[in-house]
Amino acid sequence: MFKKNPGPALDTESILKDARRELALPSRRLFAKRALTLGGLSLLTGCNITDEPSVNRMLERISRMNDGVQGWLFDPKRLAPTYTQAEITRPFPFNAFYAIEEVPDIDGGDYRLEVSGLVTNKQPWTLEQLHRLPQNEQITRHICVEGWSAIGRWGGVPFSYFLKQIGADLSAKYIDFKCGDDYHTSIDMPTALHPQTQLTLTYDGQILPPKYGFPMKLRMPTKLGYKNPKHIMSIEVTNKYPGGYWEDQGYNWFGGA
Amino acid sequence: MNSPAIKKPVIHPIWLRVTHWLNALAVIIMILSGWRIYNASPIFPFRIPSDWTLGGWLGGALQWHFAAMWLLFFNGLVYLLLNTASGRLWKKFLPLRPAEVVQDFVKALRGKLQHDALDHYNAVQKLAYVSVILDLILLVVSGLAIWKSVQFPLLRELMGGFDNARIVHFCAMSFLVAFIVVHIIMVALVPRTLLAMLRGR
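Chains as they are written, first to last, in this note's numbering: chain A, 1 to 257; chain B, 1001 to 1201.
To be clear, the hints were calculated from the coordinates, so they are not data collected in a lab. From a predicted model like this one, the values you see are computed outputs, not experimental measurements. Backbone N, C-alpha and C fix where the C-beta goes; we use that ideal spot for every residue, glycine too. Be aware that one or more of the hints could be misleading.
Unchecked claim - Here are some chain B residues pointing at chain A (derived, C-beta under 10 angstroms):
| hint | residue |
| --- | --- |
| 1 | Gly1059 |
| 2 | Phe1074 |
| 3 | Arg1156 |
| 4 | Cys1171 |
| 5 | Phe1175 |
| 6 | Phe1179 |
Use the sequences and the hints to build the structure in full.
Shown next as structure tokens:
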């Protein structure tokens, strides 16, 4: 389980995590090498490779500006379209930054959802307790940053209800999610409180299978797929920008649809 | 514009030349990064060769695409505002008669279409330039429908849904690329037009 151990234990954990992340980032290195392709060359005539970090910094800055624009465009009351049972994509695609054989095997029996940060109730949650909370369902479109989309049926606890149960500071800026597959992402509070943002426990009427994020994922039809974390182990309410697995590599942080 | 009498009259005012070249830059970035984004999940049974694309990977291409879109959008807005406010849009592109387009097109194919007066567009040029302006507007609208399909339900429905908006966006891009190819060939055939777009006369 993800426990916040102070002291040297934390260092080991974060070093290992960073190392794993670096290894998973060949695309990042390729980006630096290959920005000067045919297109890059025609654009950056007169520039050389040493100018590249500044170009990257400019693109990063514009991406952060686009976070602001998307926050401004986001209508907290606007619902994503919903679909009928017949329109569900079957089979719903598996998608992660690893192959399906590497899906984490999480034991639901001793699972505890950790809650931390700006909340009044930091009591961990068992799966049973979560299943006893009021549930709803949605059939919505999952849009991947790659461009494909698929319609699925998810059931679970409205996330705004859960945030109130843990006494979250609803004026805080971010919610950070750490996952059982070493994934990590974070979202803005207005999206967290959106009526279709759901702490998902089921898929198509069945307990959420491992490939779709057992024991629990966050479903947001208002955001792109990579913003929807699976295998959530801990939730932190914070005002400090938490970033994310893909976001730290260059994907846009807001990732709104 | 009142330029001194000794100089040749200005064909393309400075604001037009500036917006033309800024648009060219934005369009090149949008197309090359867009090809990389397309490759992440192709909607047709082919990919664009990676070496022709910009960004190095999907995340980099998206950063370029969503940076250059601001240049494309605001530069296009300035162009359309100045073009309509100055009356140039109507003066240059209207009237646009189908019969004249066919006539000039046949002439062009026979190599008999004259380019004597750079300040006057033939009917084929008028159609091409008006089409590419409308095509760029379609690219922005379909792009918005893809980028913000939840926040802009009207645009999404207008494009026939999220998945269809991607097809519209791709087809509009293809038209733009075809325009650019023909445009560059024509400029190569009549190089004076390039000088006019650089120095105005």
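Given hint Phe1175 of chain B near chain A, where the shortest CB pair must fall under 10 angstroms: Given a least distance of 20 angstroms, the restraint on Phe1175 of chain B is violated.
Can we keep the Arg1156 of chain B interface hint, with Cβ of chain A closer than 10 angstroms? 8 angstroms, holds
If you take the shortest Cβ to Cβ gap from Phe1179 of chain B to chain A, is it below 10 angstroms? Status violated, d = 18 angstroms.
Can you verify the interface hint for Phe1074 of chain B: is its Cβ closer than 10 angstroms to any Cβ in chain A? Cβ of Phe1074 of chain B sits 13 angstroms from chain A, so the hint is violated.
Mind checking the CB of Cys1171 of chain B against every CB in chain A and telling me if the closest is under 10 angstroms? 15 angstroms, violated
Go through the hint on Gly1059 of chain B and say holds or violated, using the shortest Cβ distance to chain A against 10 angstroms. Where the cut-off is 10 angstroms and the nearest Cβ of chain A is about 4 angstroms from Gly1059 of chain B, the hint holds.
Consistency with the previously given hints fails for numbers 2, 4, 5, 6, ordered from lowest to highest.
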